[in-house]
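Chemist: Dock chain L against chain V, hints included.
As given, the protein sequences belong to chains V and L, one line each in that order.
Heads up: the first sequence runs through residues 1 to 272, numbered per UniProt numbering.
Heads up: the second sequence runs through residues 1 to 272, numbered per UniProt numbering.
Since no wrong hints were added, every one of them can be taken at face value.
Identical copies look the same in the list; a pair holds intra-copy or inter-copy alike.
Derived DSS-like pairs: lysine-lysine, alpha-carbon spacing no greater than 25 Å straight-line:
1) Lys109 <-> Lys73
2) Lys200 <-> Lys229
3) Lys109 <-> Lys240
4) Lys168 <-> Lys224
5) Lys109 <-> Lys77
6) Lys12 <-> Lys224
7) Lys229 <-> Lys271
8) Lys76 <-> Lys109
9) Lys4 <-> Lys229
10) Lys224 <-> Lys200
11) Lys13 <-> Lys224
12) Lys14 <-> Lys240
For the record, the hints were derived by calculation from the structure and aren't laboratory data.
Bear in mind that the values here come from a model prediction, so they are computed numbers and not experimental data.
Number of protein chains: 2
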Amino acid sequence: MTSKELTQQIFKKKSFLCVGLDTDLDRIPTYLLSEEDPVFSFNKAIIDATHKYCVAYKPNIAFYEAIGVDGWKALKKTVDYLHSEYPEIYTIADAKRGDIGNTSRMYAKAFFEDLGFDSVTVAPYMGKDSVEPFLEFTNKHTILLALTSNEGAYDFQTLQTDNEELYKQVIKTSKGWNNSENLMYVVGATKAEYLADIRKIIPENFLLVPGVGAQGGSLEEVCKYGITKNVGLLVNSSRKIIYASDSSNFAEIAGAKAEALQIQMAQELEKL
Amino acid sequence: MTSKELTQQIFKKKSFLCVGLDTDLDRIPTYLLSEEDPVFSFNKAIIDATHKYCVAYKPNIAFYEAIGVDGWKALKKTVDYLHSEYPEIYTIADAKRGDIGNTSRMYAKAFFEDLGFDSVTVAPYMGKDSVEPFLEFTNKHTILLALTSNEGAYDFQTLQTDNEELYKQVIKTSKGWNNSENLMYVVGATKAEYLADIRKIIPENFLLVPGVGAQGGSLEEVCKYGITKNVGLLVNSSRKIIYASDSSNFAEIAGAKAEALQIQMAQELEKL
Chain V
1 MTSKELTQQI FKKKSFLCVG LDTDLDRIPT YLLSEEDPVF SFNKAIIDAT HKYCVAYKPN
61 IAFYEAIGVD GWKALKKTVD YLHSEYPEIY TIADAKRGDI GNTSRMYAKA FFEDLGFDSV
121 TVAPYMGKDS VEPFLEFTNK HTILLALTSN EGAYDFQTLQ TDNEELYKQV IKTSKGWNNS
181 ENLMYVVGAT KAEYLADIRK IIPENFLLVP GVGAQGGSLE EVCKYGITKN VGLLVNSSRK
241 IIYASDSSNF AEIAGAKAEA LQIQMAQELE KL
Chain L
1 MTSKELTQQI FKKKSFLCVG LDTDLDRIPT YLLSEEDPVF SFNKAIIDAT HKYCVAYKPN
61 IAFYEAIGVD GWKALKKTVD YLHSEYPEIY TIADAKRGDI GNTSRMYAKA FFEDLGFDSV
121 TVAPYMGKDS VEPFLEFTNK HTILLALTSN EGAYDFQTLQ TDNEELYKQV IKTSKGWNNS
181 ENLMYVVGAT KAEYLADIRK IIPENFLLVP GVGAQGGSLE EVCKYGITKN VGLLVNSSRK
241 IIYASDSSNF AEIAGAKAEA LQIQMAQELE KL
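Same shape as in the complex, but just chain V (with noise of 0.2 Å):
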């Protein structure tokens, strides 16, 4: 999918919301686990009840393989339903790769031709030559973490480097790597200030910005210094939204959750 695309399908639902799926048998509904595929069930009923407020999924890689073999068969399963069912949707593998070139290229074939995700989250620390066998996809979004939005952010992302702060160069760095229109970015909603300066340097690009929710940042002042007139912002929450219930009813509440939100969004959206 192409940003254009993405943007037409945030105005269409007047919502840029993402809905994280980091499924956790250990947080899921205990009656699923006796279903063949208690990870998909899950997401399939997550999916089925949100996808109406929302323009993204992003499965946290980690979750999935954590439960090894049968975590890697969801995760296919979760990608192909959404597909099949929504072909509207964007997808996110929330993966943060990075590595040498040729394994790059191994990383980025998996996400996006075995799997086929729309992108794939991507470390930075290893520079240029991992990055760019990612970008060389066309029609896929490579997402660079930027400025994160955990505490552990301050030990290397805020360092003050030759010039400015080490994040501050990773994304004008990252500009003039090969293909670097497919590039979105991490941002924090948890550091939502930085914002203003990091529209600065990348006016046009989409953020990806986890942290509303669980983690505390504030939807309004993500808008507030991140929005631009295309949107150019894709909003995450994850368990606030899939584990607001471990009722039979979860996936209702998790819809009502996701719409609660997607209102919080039209509004800022009317805005523009």
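Modeler: Then chain L, alone, in the frame of chain V:
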């Protein structure tokens, strides 16, 4: 496995070689492709032929993920085979993971519990709370990217921060994290001249050194600047060993390549 036990194995085998299992269906001998699990068949043959000359194996997780569920199965079979047939061997998941705390905990579970690796490589960009969940595991090592072997390492890792280059800041900061005695560090053989400075910061920790072989690093240089009285080095070679030949005696030739490196390593150990 503890660092002490690893050192004992190194002196016993007169080798600090790690063989990288970057197993790629496009590069293994074509006659293996008709086997039920060609990736595992290749790995098993390589392991049986090289285990006498090395102390560790390092599957590169990207290569397994690139073929989906089948890859994950082959990876699990490979680790299980190592544990059952060669329990003295140290295992490294070259995964370069790292995410917010609750997600890193899931990756740690995937590699340490589900797959049973002795260690996993982790990227430092997201800081303390992205690495500490790996460090909590007893008798497991977390191998932090410091200065990698690729060209892109010069994009950010060697940037001058407040006081010194970023990779040095990463190493120094990580020493203050909980259970930091479980840390090893990745330092590329292509950057051997940096090792002297690194040893001033971490005189004892093991270093995982990729880049000897296909990437052009020199074993002699690595030892000159990086070896300690307890060795403190695991030098990895992947493609130059496992793809030395694509004929039916590929494993035998891989064994000879591994032995040649082991002989050089024995000479370096004699200098201690």
